[in-house]
Structures are given as C-alpha cells and as structure tokens.
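The primary structure of each chain is shown beneath.
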Amino acid sequence: DQQVKQNSPSLSVQEGRISILNCDYTNSMFDYFLWYKKYPAEGPTFLISISSIKDKNEDGRFTVFLNKSAKHLSLHIVPSQPGDSAVYFCASGTGGTSYGKLTFGQGTILTVHP
Amino acid sequence: DSGVTQTPKHLITATGQRVTLRCSPRSGDLSVYWYQQSLDQGLQFLIQYYNGEERAKGNILERFSAQQFPDLHSELNLSSLELGDSALYFCASSPQSSGLSGNTIYFGEGSWLTVV
Numbered sequence: 063d064q065q066v067k068q069n070s071p072s073l074s075v076q077e078g079r080i081s082i083l084n085c086d087y088t089n090s091m092f093d094y095f096l097w098y099k100k101y102p103a104e105g106p107t108f109l110i111s112i113s114s115i116k117d118k119n120e121d122g123r124f125t126v127f128l129n130k131s132a133k134h135l136s137l138h139i140v141p142s143q144p145g146d147s148a149v150y151f152c153a154s155g156t157g158g159t160s161y162g163k164l165t166f167g168q169g170t171i172l173t174v175h176p
Numbered sequence: 014d015s016g017v018t019q020t021p022k023h024l025i026t027a028t029g030q031r032v033t034l035r036c037s038p039r040s041g042d043l044s045v046y047w048y049q050q051s052l053d054q055g056l057q058f059l060i061q062y063y064n065g066e067e068r069a070k071g072n073i074l075e076r077f078s079a080q081q082f083p084d085l086h087s088e089l090n091l092s093s094l095e096l097g098d099s100a101l102y103f104c105a106s107s108p109q110s111s112g113l114s115g116n117t118i119y120f121g122e123g124s125w126l127t128v129v
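Line order of the protein sequences matches chains A and B.
Quick note, the first sequence lines up with residues 63 to 176 if you use this note's numbering.
Quick note, the second sequence lines up with residues 14 to 129 if you use this note's numbering.
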C-alpha cells in the first residue's frame, strides 16, 4: 500500500522556466509534508515543509502547495537552474509521538537543461 | 552539511556477520531516526529514539536493533547479515519529538552497507 505517490518518474525543464513536482497521498492522518532533494549515494537534503493547517509555504525559489481535499501537494521551483537537477522526494508524516516517521514517495528525477 | 554525522561511510562485510552503524545527531536534537534505502524499496523508516527512549518502530527486522546513548548519539546494530540487507542506511535528527512547528528533519550522508 503506497501511501505517498509521485506518479512522474522524471521531469525535464529548461533553465529559467518553472518546475512543478507533484505528490499524492492517501492517508488523511498525515498532517505535515516535506520535500527533499537527493543526489545518488548522498543523504536527502531538506528543502521546504508545510503543515496541514496551511495551503502554501514559500522559501526563496521554492513554493509548496497543499490541497487537502484532493490529498495533493506540489513543489514549484522558479526559476529552475541546472544545479536543481536531482531526485526530489516528497515525504509525509503525522504529529504526536510518531513525528519523524516519514513515508516517502518514490521520487521524481528532475533535469534542468541549460 | 546537515549537521548529522554518520560513520562509517562505506562498509563491506560477509553474510552472517554483525555490524554497527553510528550516528551523531545535530547539536541539541533529541530525536534520532534510522531509515533504510534499498534499490527496490525506496526510503523506509526503521526506528525512532527520543532522548534515549524508543519512540516509534517501522519495518525493522528482528535481526536489527538500535539504541540512543546519554550523549544522544545512536547506533544501529545489524546482525546475521544477509545479501538483501545491502542498502544505504540513513540517520536523521530533529529537535522535537512531536508537534507541527518547525517540521524539519535533517538527514546524514548515509552509511553504505554491502553484504557479500
């Protein structure tokens, strides 16, 4: 049972344009969501998070949108840069004593072309 | 640099052996989490410790165990190793154990375990 799904295995974008990475979840108990960037054989690097009480959070070039009714979140990167090329994971969790027990999606490979 | 330190970075060992992976969380973080990333399973939560106590368990095998010491560093012990245990093992840490504020969990660079 895959509770967090990233349906696009890969995404290719031109430098300067917007990258939109999508994530769907099924567990309505999830109340916070995070995006990580990862290079092969390295640890995930935290990018941005959002709690279920919000529908948008911005940090520089990164914006995360949460649509609770659709159980969907997205990460927007504007403008995209070649250095953004990596695997992007969304992750979800519940608060309380299970905080930090994240469920990860399978990842989306982002390639930003110069 | 996330501030989470893991050792060793790479480890090759034989089937049936036992290894210990070590993690130092970010300064001040009380919670430590262990994750496994294998080729076919993606990133999977194994176990969480908060200030020395086990807090949550995921799909951790009985052959695996972990602990968190008074200085907050943690060790993941993997015994009776099988070929299928070959994976990247990540440690992560966060300052709190619950709540919605500051939902940030930082990962280390991982320990790459190869069982031959």
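Don't read these hints as lab results, they were simulated from the structure.
Heads up, a few of these hints could be off.
Counterexamples of contact, computed for chain B against chain A with all Cβ distances above 12 Å [to be verified]: (1) Gln50; (2) Leu56; (3) Leu59; (4) Ser78.
Straight-line Cα separation of at most 30 Å, DSS-like style, residue types lysine-lysine; simulated pairs [claimed, not checked]: (5) A:Lys118 to A:Lys99; (6) A:Lys100 to B:Lys70; (7) B:Lys70 to A:Lys133; (8) A:Lys163 to B:Lys70; (9) A:Lys130 to A:Lys100; (10) A:Lys116 to B:Lys70; (11) B:Lys70 to A:Lys130.
As the structure is a computational prediction, the values presented were derived from the model and not from experiment.
Even glycine gets a Cβ: it sits at the ideal position worked out from N, Cα and C.
Going through the hints against the structure:
With a least beta-carbon separation of about 9 Å from chain A, B:Gln50 fails to lie farther than 12 Å from that chain, contradicting its non-interface assignment. Consistency note on B:Leu56: stated as away from chain A, yet its beta-carbon is not over 12 Å from all of that chain's, at 4 Å minimum. The claim that B:Leu59 lies off the interface is violated: its Cβ sits roughly 10 Å from the closest Cβ of chain A, which falls inside the 12 Å cut-off. Non-interface call for B:Ser78 relative to chain A: holds, since the shortest CB-CB distance, roughly 18 Å, exceeds 12 Å.
A distance of roughly 19 Å separates the Cα atoms of A:Lys118 and A:Lys99; the hinted pair therefore holds under the 30 Å criterion. Taking the CA atoms of A:Lys100 and B:Lys70, the gap is about 24 Å. The hint holds against a cut of 30 Å. Of the pairs offered as hints, the one joining B:Lys70 and A:Lys133 holds, with about 25 Å between alpha carbons and a cut-off of 30 Å not exceeded. Taking the CA atoms of A:Lys163 and B:Lys70, the gap is about 8 Å. The hint holds against a cut of 30 Å.
Among the hinted pairs, A:Lys130 with A:Lys100 is consistent with the structure: their alpha-carbon atoms are about 26 Å apart, no more than 30 Å. Taking the CA atoms of A:Lys116 and B:Lys70, the gap is about 28 Å. The hint holds against a cut of 30 Å. Restraint check for B:Lys70 and A:Lys130: the C-alpha separation of about 27 Å stays at or below 30 Å, so the hint holds.
Going down the numbered hints, you'll see the structure goes against 1, 2, 3, while the others check out.
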